[in-house]
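Engineer: The residues making up each chain are set out below.
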Amino acid sequence: MSETITHHHHIKLPEGSIEKTTTTLNLGPTHPATHGVFQNILELDGERIVSAEQTVGYIHRAFEKLAERRPLYQITTITDRLNYCSSPINNMGWHLTCEKLLGVKTPKRVDYLRIIIMELARISDHLICNSVVGVDSGAYTGFLYVMQYRELIYEIYEEVCGSRLTTNMGRIGGFERNFSNTAFEKIEKFLNEYPAVLKEFENLFNRNRIFMERTIGAGPISAARALNYGFTGPNLRAAGVDYDVRVHTPYSSYDDFEFEIPVGSTGDCYDRFLVRNQEMWQSLSIISQAYKKIQEMKGADAEVYHADAPAYYLPEKKDVYTKMEALIWHFKIIMGETEIPPGEVYQSVEGGNGELGFYLISDGGRTPYRLHFRRPCFIYYQAYSELTKGSMLSDAIIVMSSLNLIAGEMDA
Amino acid sequence: MSLTNETIKARLIEKFGEQVSNFEEPYGMLTFEAPKEMNLKVMQFLFDDTELRFQFLTDLTAVHYPDKAARELAVVYHLHNLVDNVRIRFKVFTDINKPDIFTATQLYSSANWMERETYDFFGVNFVGHPNLKRILNVDEMDYFPLLKQYPLEDQTRIDKDDAMFGR
Amino acid sequence: MPRPVQFNIHPIPADTKDNISMVGAPEGHAGEGFFATKLSDVVGLARKNSIWPMPFATSCCGIEFMATMASHYDLARFGAERLGFSPRQCDLLMVMGTIAKKMGPIVKQVYLQMAEPRWVLAVGACASSGGIFDTYSVLQGIDQVVPVDVYVPGCPPRPEAILDGFMKIQDLVGQESLRRRNSDRYKTLLESYGIQ
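Chains as they are written, first to last, in this note's numbering: chain A, 208 to 619; chain B, 2 to 168; chain C, 1148 to 1343.
It is possible that part of the hints are untrue.
Unchecked claim - The list that follows gives simulated cross-link-like pairs (lysine-lysine, BS3-like), each with its CA atoms no further than 25 angstroms apart:
hint	chain 1	residue 1	chain 2	residue 2
1	A	K406	A	K396
2	B	K161	B	K149
3	B	K42	A	K596
4	B	K42	B	K99
5	B	K92	B	K16
6	A	K307	B	K161
7	A	K596	A	K315
8	C	K1255	B	K161
9	C	K1334	C	K1315
10	A	K500	A	K396
11	B	K99	A	K307
12	A	K596	A	K312
I should point out that these hints are in silico values taken from the structure, not numbers from a laboratory.
I would like the entire structure built from these sequences, with the hints used as guidance.
Structural biologist: Right, here's the structure in full:
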């Protein structure tokens, strides 16, 4: 190279001496930043991404085939494992689908209790997503701080159904038992303490210069492209479209409540972060409205926690253990021996990631003929290569975590 | 004037005549069927029409009916009109021995992976798809698992005794 | 700022008299300025209180692991403060979540990249035996591909159960003989998995 060293102390390589090629980097299925198992094979030009190819299926557990083997109540346990950060929403969505097929109408108190639990699950999901965006950009404190409040949400779930994470909560037509006083005390405690925590979490990130420079402009998407890619949920709302299943097709009496739908403009990571934070504020408002409405119910209304559908609602456990007819009904309903009408129904709920849909075809038999889950993560992960084209490698990591990809929902 | 199921049905019959058939409304969602060669034409019409505006593909999946001869595989599209808040369901049927359906990826980018999943589970061949290969199962798998004739469990496993598990 | 968070809204004061256990020194002879004990005891004591785990979190058990790592159920007080994501630097492979057949070769590859001595903790029903997913695409337990030391059942196991499994690994680490990794029995175990 001696002939190319000029007196400017600047090494200039002759034209065409090095071919410009791209490096292939495997952002493999096990990686600290991929929360869940999915793989990206990136073509990098220096540090810029030229193209990205995604591979999914590393946790494919064959839910749809498994559902053809199980009667309706046994499918609730597998719906838990779809978006496992907010499993009560999946359970309630499945019970709503069954209620639509079977024609069961739930009383108002059941709807309001369901709304409290679903909004708590939504807060839980958004907390994980936002704090993990913080961890990926280097801020571990936010994660540790809000995980304490997720523990309080887990305790509320434990009071209601006994389990923390994969809740298998509720029955077709309501809940298995009335919420105890401890459960209401814990909900009240959450409503009192959590706003200050969320305010502190926002103070850590919202106007933090490092965080803003990392996330503004990372992975933007326009509203038209987002709609074409089938985006739903906070990712679509960050792009500017105010589509929320709770408002468009209200289920479980959501139309009795007043809340806003936060909408972003550019659809980049910063907008997604802010939209999720605002949604947590809206969820808090919905929970306090529902709690107040439940406190105001009087008389017989205040004790009801399930619909009157003995053919589909499992009898009370204390009866199952002591009375013969209750035991027989329990067995028949669990094994799917009660009357299930044939038909096809599509029901969707607003999950933590968007429109979670259940397409159920029943042929009148014990188990569904076909059950398909419309999983929002699976559908919007396709857009990842378009979102990261031309951006830097570290932006790709932030985009992946801000999209809130849950591997269980993606692969089903 | 809000868009009702009757209006949609009338517009479809006006445009396609006898080719769209089997109109039903299970649980309030208009469901209809068309021959498989027409699937793109129908979806393009539903997309472009200024009154119908079904511009969001909610879901794409397939169902296997082993008993219906020459119509074993049904590909089901769920479309959504976000402005007027109407959903419809559109089915095409195909023979399992020749399961070729035109791809919808030109119209909806979200159909890309949904069609790959349908191919992976049922073997439906989407003609014109940019990258039709298995997505969720291992690449070496040689059968399509969600067809009714295949069992759920892996038959080569040795640690679970089928008799004790009630299979 | 609401601190500290109190979960048990009707708490009973803790009884700490005679109830606290401390790590004792290993058996040996002490004297003026010296302490003689077995090498394996000292090495075991050092290793077990500073395990560097590698979390291989795939699904729901991974979220319970995040709860275990967080401040309420703190894993760091057992010495596992530094979670490594590179297998070359870690002692304990914690497999948490369902392992599908597509993921099996990757678990094996990560296991092979770890240096001896290494231990494996299978957290959750899916990693132990396939769990509720007895299907065509799920590996029925990671002991089909790697040798496992401790299994933690549960779906998902509570953080206390994960900590209990971790403490059992600590027992194994503390009592391991220094010659175990070169013994014939260990070699035949690895051969049965196809690992040289």
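Engineer: For the pair we were handed, K42 of chain B and K596 of chain A, check the Cα-Cα distance against 25 angstroms.
Structural biologist: Violated - the C-alpha atoms of K596 of chain A and K42 of chain B are around 32 angstroms apart, more than 25 angstroms.
Engineer: Assess, step by step, whether the Cα of K92 of chain B is no farther than 25 angstroms from the Cα of K16 of chain B, and give holds or violated.
Structural biologist: holds (17 angstroms)
Engineer: Sort out whether K307 of chain A lies within 25 angstroms of K99 of chain B, counting only the CA atoms.
Structural biologist: violated (35 angstroms)
Engineer: Given the hinted pair K1255 of chain C and K161 of chain B, is their alpha-carbon gap at most 25 angstroms?
Structural biologist: Between K1255 of chain C and K161 of chain B the Cα gap is close to 22 angstroms, so the pair holds against 25 angstroms.
Engineer: Are the Cα atoms of K406 of chain A and K396 of chain A separated by 25 angstroms or less?
Structural biologist: Judged against 25 angstroms, a Cα distance of about 16 angstroms means the pair holds.
Engineer: Can you confirm whether the C-alpha distance between K307 of chain A and K161 of chain B stays at or below 25 angstroms?
Structural biologist: Violated. K307 of chain A to K161 of chain B sits at ~37 angstroms, over the 25 angstroms cutoff.
Engineer: Between K596 of chain A and K315 of chain A, is the straight-line Cα distance small enough, at 25 angstroms or below?
Structural biologist: violated (48 angstroms)
Engineer: K596 of chain A and K312 of chain A: Cα distance at most 25 angstroms?
Structural biologist: violated (48 angstroms)
Engineer: Holds or violated: K500 of chain A and K396 of chain A, Cα atoms, limit 25 angstroms.
Structural biologist: holds (17 angstroms)
Engineer: Is the hinted pair K1334 of chain C and K1315 of chain C satisfied, with a Cα-Cα distance of at most 25 angstroms?
Structural biologist: holds (23 angstroms)
Engineer: Please verify whether K42 of chain B and K99 of chain B have alpha carbons no more than 25 angstroms apart.
Structural biologist: holds (20 angstroms)
Engineer: Under the criterion that the straight-line Cα-Cα distance not exceed 25 angstroms, is the pair K161 of chain B, K149 of chain B satisfied?
Structural biologist: It holds: about 22 angstroms lies between the C-alpha atoms, which stays within 25 angstroms.
When each numbered hint is compared with the structure, violations occur for hints 3, 6, 7, 11, 12.
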